[in-house]
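A.B. asks: One letter stands for each residue in the lines below.
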Amino acid sequence: MNTAIDKMSALSLAAAIRNGEIKVREACAYSIQKIREEDPKIHAFLTVSEEEAMKTAELVQARIDAGEVRSPLAGVPIAVKDNICTKDMRTTCASRILENFRPAYDADAVERLRAADLILIGKTNMDEFAMGSTTETSYFGATRNPAAPDHVPGGSSGGSCAAVAAGMVPLALGSDTGGSIRQPSAYCGVTGIKPTYGAVSRYGLIAYGSSLDQIGPVAGNVQDCAALLEILTGKDERDSTSVALSHTAFSASAQRGVEGMRIGLPEACFGEGLHPDIRESIYHAADLLRSAGAAVEPFKLDLVDYSIPAYYIIACAEASSNLERFDGVKYGYRSESYTDLQDMYCRTRSEGFGPEVRRRIMLGSFVLSSGYYDAYYLKALRVKARIREEFTRAFSEYDLILSPAAPDTAPLLGSSLKDPLKMYLSDIFTVSANLCGIPGISVPVGTDQRGLPIGMQILGDCFREEQIFSAAGTCERLLEAEGRAVG
Amino acid sequence: MTKEYETVIGLEIHVELATATKIFCGCSTAFGGSPNSHVCPVCSGMPGSLPVLNRKVVEFAMAVGLAANCEITPLCKFDRKNYFYPDNPQNYQISQLYAPICRNGSVTITDADGKEKIVRIHEIHMEEDAGKLVHDERAGLSYVDFNRSGVPLIEIVSEPDMRSAEEVISYLEHIRMIAQYVGASDCKLQEGSMRADINLSVREKGSPEFGTRTETKNLSSFRAITHMIENERARQIDLIEAGKPVIQETRHWNEDRETSYAMRSKENAQDYRYFPDPDLPPVRIGEELIERMRASLPELQPARSRRYQEEFGLPAYDAGILTSSKAMADLFEETVRCGANPKKASNWLMVETLRLMKEHSRDADELGFSAEHLAALIRMADEGRVNNQVAKEVFEQIFLSDVDPEAYVQEHGLASVSDTGALEEAVKAALAANPQVVQQYKEGKTKVLGFLVGQVMKATKGKANPGIVSKILAQEIDRTD
Amino acid sequence: MAQTITNETITYVAALAKLHLNEEDRETARDDMQKMLDYVDKLNDLDTNGIEPMSHVFPLCNVFREDCVTNGDECEAVLANAPQEEDDQFVVPITIE
Ligand SMILES: [Mg+2]
Ligand SMILES: [Zn+2]
Chain A
1 MNTAIDKMSA LSLAAAIRNG EIKVREACAY SIQKIREEDP KIHAFLTVSE
51 EEAMKTAELV QARIDAGEVR SPLAGVPIAV KDNICTKDMR TTCASRILEN
101 FRPAYDADAV ERLRAADLIL IGKTNMDEFA MGSTTETSYF GATRNPAAPD
151 HVPGGSSGGS CAAVAAGMVP LALGSDTGGS IRQPSAYCGV TGIKPTYGAV
201 SRYGLIAYGS SLDQIGPVAG NVQDCAALLE ILTGKDERDS TSVALSHTAF
251 SASAQRGVEG MRIGLPEACF GEGLHPDIRE SIYHAADLLR SAGAAVEPFK
301 LDLVDYSIPA YYIIACAEAS SNLERFDGVK YGYRSESYTD LQDMYCRTRS
351 EGFGPEVRRR IMLGSFVLSS GYYDAYYLKA LRVKARIREE FTRAFSEYDL
401 ILSPAAPDTA PLLGSSLKDP LKMYLSDIFT VSANLCGIPG ISVPVGTDQR
451 GLPIGMQILG DCFREEQIFS AAGTCERLLE AEGRAVG
Chain B
1 MTKEYETVIG LEIHVELATA TKIFCGCSTA FGGSPNSHVC PVCSGMPGSL
51 PVLNRKVVEF AMAVGLAANC EITPLCKFDR KNYFYPDNPQ NYQISQLYAP
101 ICRNGSVTIT DADGKEKIVR IHEIHMEEDA GKLVHDERAG LSYVDFNRSG
151 VPLIEIVSEP DMRSAEEVIS YLEHIRMIAQ YVGASDCKLQ EGSMRADINL
201 SVREKGSPEF GTRTETKNLS SFRAITHMIE NERARQIDLI EAGKPVIQET
251 RHWNEDRETS YAMRSKENAQ DYRYFPDPDL PPVRIGEELI ERMRASLPEL
301 QPARSRRYQE EFGLPAYDAG ILTSSKAMAD LFEETVRCGA NPKKASNWLM
351 VETLRLMKEH SRDADELGFS AEHLAALIRM ADEGRVNNQV AKEVFEQIFL
401 SDVDPEAYVQ EHGLASVSDT GALEEAVKAA LAANPQVVQQ YKEGKTKVLG
451 FLVGQVMKAT KGKANPGIVS KILAQEIDRT D
Chain C
1 MAQTITNETI TYVAALAKLH LNEEDRETAR DDMQKMLDYV DKLNDLDTNG
51 IEPMSHVFPL CNVFREDCVT NGDECEAVLA NAPQEEDDQF VVPITIE
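Chains as they are written, first to last, in the numbering used here: chain A, 1 to 487; chain B, 1 to 481; chain C, 1 to 97.
A hint or two may mislead.
[As the list claims (entries may be wrong)] With a cut-off of at most 30 Å between alpha-carbon atoms, the simulated DSSO-like pairs for lysine-lysine come out as follows:
hint : chain 1 : residue 1 : chain 2 : residue 2
1    : B       : LYS392    : B       : LYS188
2    : A       : LYS87     : A       : LYS235
3    : C       : LYS42     : A       : LYS418
4    : B       : LYS442    : B       : LYS428
5    : C       : LYS42     : A       : LYS300
6    : C       : LYS35     : A       : LYS418
7    : A       : LYS55     : A       : LYS87
8    : B       : LYS461    : B       : LYS471
9    : B       : LYS81     : C       : LYS35
10   : B       : LYS392    : B       : LYS344
11   : B       : LYS358    : B       : LYS217
12   : B       : LYS344    : B       : LYS458
13   : B       : LYS188    : B       : LYS117
14   : B       : LYS77     : A       : LYS235
15   : B       : LYS132    : B       : LYS81
16   : A       : LYS87     : B       : LYS132
17   : B       : LYS463    : B       : LYS344
18   : B       : LYS358    : B       : LYS117
19   : B       : LYS392    : B       : LYS461
20   : A       : LYS87     : A       : LYS41
21   : A       : LYS422    : C       : LYS42
22   : B       : LYS244    : B       : LYS205
23   : B       : LYS217    : B       : LYS244
24   : A       : LYS41     : A       : LYS55
25   : C       : LYS35     : A       : LYS422
26   : B       : LYS81     : A       : LYS235
27   : A       : LYS34     : A       : LYS7
28   : B       : LYS463    : B       : LYS442
29   : B       : LYS428    : B       : LYS463
30   : C       : LYS42     : B       : LYS81
[What the hints assert, rightly or not] Computed footprint of chain B on chain A; a stretch qualifies when at least three of its residues, placed anywhere within it, have a C-beta under 8 Å from a C-beta of chain B:
hint : segment
31   : 96-107
32   : 201-208
33   : 232-243
34   : 316-322
35   : 328-337
36   : 366-378
No lab work stands behind these hints: they were computed from the structure.
For glycine and all other residues, C-beta sits at the position ideal for the given N, C-alpha and C.
Work out the full structure: start from the sequences and follow the hints.
C.D. replies: Written as structure tokens, this is what we have:
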């Protein structure tokens, strides 16, 4: 094991590979070895594709040796959340119903990774079908937080964030429907961004809430995160909601400052119920941004309290429909015993889906059912429209909005699922971005007294990823200068 | 039955569009093919796959809508219709409920008395077809093939404006004509590319209220539709007369047994939980596009019928029949273009072709012969190279297997004998054998010439040109005078 | 006050969602749904009169494919994960009664 790789950022690892200091094979072997050592404790991975990774490593090495470098991250190992389709590689959504599912195709995001010569090491654990905020609803068992193994890593991209936090891989892909990249990034002390809706193709992402889902990068630092997002974005003809961003110089932006930027702190996000250490850390980061020349001030952002109920109605409604295709006919689990077709459907789905998934399917089916559609589903879409208006108003005043990524640091394993509603409330700061389609990043800004990471969320208007990266990069640099950064 | 009843009928017609690919993926729509050979992640409902709308589907739907006098919805949207069935890989069908592409149209049909009548169209929407199920009752299994899954359909929903089976058939024929004329569909009933769901209720004549209606699904022949309507009307009247309620339900028609039965729906409550499909952005159709489409619509049946009357001097009746199917009208024009006299071309199509279509129960869009061959036959008849009888015989061969008439006539030795030398002998023989008839002719009974012509025809096995024969006969009699 | 969820509602919704619930599941499901509906009832505090329901966040429209065949025969790949398969078809318990 090449210990020089330890703590290397993805970009510096890629540079060392380009220089010939490190072989792609060594980088992969390092990740695989690290997974062998760490993952029995963490359980971030559901599948490790050792053989395929080592084979790809040789191909990539040959290209690099021939002087063909296909991206700034060529040769870097990466993990992919298990709801993103990988050709012939098990893709389970952490559900029994897809336990042995091997997709016939790669997701667009995975195609882009392969074209950029990143090395796919394996698939990461998650909440079943991305429904959850702790990675405890996985059929294959919970993932633990590398910073404190009796705590959850957050969710639903808990496996991806834990894998990066534990140094098993420098990069990972997550997906974010209501905060599923940003909240676990905060809990694990890594950097993760949910891009503008449509910026990364959803083709091959197994849908939860189609109007909210986005794939995004998880990384150990802001520069790596920016470099990976540059690879992932781009218009895809196979996803009708895919958009081409006009501002995609994320890496360059991450090195820029924030002078002259107007940044708002929504008062509603700093009220009661917020962990005091979190409040302190965010205010401190805000001060740093102010010192770097940004105008940072509190402002009134309305409707924050309506985002969670609107989100759950919309996400569950879409999920109830998206998950209808899991019926024991075409792929995945089919119940062992049944009397007829209807019984086969019902038993397959009841045995194949876990309790949280069933709960959301039930709620979603109810809010769409005849007589309730207007009162619940359409009402939620109207509230969404108002929330979007409120953010449009906010972005007419401010370039960026700062808030905590979550109201608390990572809870203890086993403490959240008893009260689903309480767990849902932990998404309070993140869901608005999904409802409005706007991008948001979570960057580590400190730890609480117990040493659990704290993440700050930076939201920008649609297509404003560059500004987000400038602020995130500035924060990171200034915190590092103070010797205060985590991870 | 003392009371008089009126049948009230509305139709939902599914028309399969003539696109090369499916509505949301690049799979072929070709008919046939081994099971699951035209499938991909999208049309087989693989996790993670997403739909992308085929532009042509929108264009065809608009064209049919405009031809059926519909308003085009400026911002039309797709919705998901959720129900579990194995022929539906996602267990939801992508369709349109809240903002269908066309609304408020109408077509003019002919009612039972031959009078014109307007049937209003409530809406036309775009949707995807389902796969095919084959059942093995002995094994208790069904087999699923997704080749048809995702084939584009438009569903044309009428208002309950029809009152009889005849009106329904006329309406279907008009819809088929429109779809064929704009090139949106071949509407082949036998391949199921046009199918109808029939909503039917009865009420006492004069009653302002509608009765309770039933919906009978998936009828795909005019015959079955006529039978089903008569049967369902009688069934509902019997119920009413017996004081029993008509139950609002979905029924299935069994054409072999000529009965319908209610489809049980215990486990399938009809609650489709429609909601806007988040995977598909709406389709915005601006005024200019609508006008451009309207202007580029091909000539439709009424216009073509009018043109045939003006340009070719055909009677309105003939023009109507020729244009009732686009295939027939195209064949007619092509025949004229090949040099045939329009009136003669029209006659061949209206008389012989229709007769043979009936005899061989073929639909107009199954006509397989070329215009060149019909035109050549007409030319040969004009030139007296075949007589009428032979021409009809040759035409049947053209109709059945598109033979080249020149070659066929030659091969079978059917050309008219107009070689006067050869004929004179036959004429002399006929005159010699029938002196009394010749006498009658000479006495002024010129009608008897026909008998003599017949004799000569018989002797030449029908190959003589009867015009020439009668001319030679008259000459010969005069000469021996 | 939110909609009261009865056992009948749960049975009906489970039938729509094709989920098999035993007595205990049904109880839990009813309580869970009741709690969620009581909570989301909060939305009714917000006046949304005259607000158009927003299903897509962007005013994106007219995203089309051209009508060209791009897919070949993917039969094998499509059937590769089938729980039951015969003669290139998916097999299910018979669908006619
Ligand atoms: Mg329909
Ligand atoms: Zn397909």
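A.B. asks: Against this structure, judge whether each hint is valid.
C.D. replies: Right, here's what the structure says about each hint:
no.	hint	result
1	B:LYS392 - B:LYS188	holds, 28 Å
2	A:LYS87 - A:LYS235	holds, 21 Å
3	C:LYS42 - A:LYS418	holds, 22 Å
4	B:LYS442 - B:LYS428	holds, 16 Å
5	C:LYS42 - A:LYS300	holds, 20 Å
6	C:LYS35 - A:LYS418	holds, 13 Å
7	A:LYS55 - A:LYS87	holds, 15 Å
8	B:LYS461 - B:LYS471	holds, 18 Å
9	B:LYS81 - C:LYS35	holds, 28 Å
10	B:LYS392 - B:LYS344	holds, 13 Å
11	B:LYS358 - B:LYS217	holds, 27 Å
12	B:LYS344 - B:LYS458	holds, 27 Å
13	B:LYS188 - B:LYS117	holds, 25 Å
14	B:LYS77 - A:LYS235	holds, 22 Å
15	B:LYS132 - B:LYS81	holds, 18 Å
16	A:LYS87 - B:LYS132	holds, 28 Å
17	B:LYS463 - B:LYS344	holds, 22 Å
18	B:LYS358 - B:LYS117	holds, 27 Å
19	B:LYS392 - B:LYS461	holds, 16 Å
20	A:LYS87 - A:LYS41	holds, 28 Å
21	A:LYS422 - C:LYS42	holds, 15 Å
22	B:LYS244 - B:LYS205	holds, 19 Å
23	B:LYS217 - B:LYS244	holds, 23 Å
24	A:LYS41 - A:LYS55	holds, 27 Å
25	C:LYS35 - A:LYS422	holds, 11 Å
26	B:LYS81 - A:LYS235	holds, 28 Å
27	A:LYS34 - A:LYS7	holds, 12 Å
28	B:LYS463 - B:LYS442	holds, 27 Å
29	B:LYS428 - B:LYS463	holds, 17 Å
30	C:LYS42 - B:LYS81	holds, 28 Å
31	96-107	holds (count 6)
32	201-208	holds (count 6)
33	232-243	holds (count 5)
34	316-322	holds (count 4)
35	328-337	holds (count 3)
36	366-378	holds (count 5)
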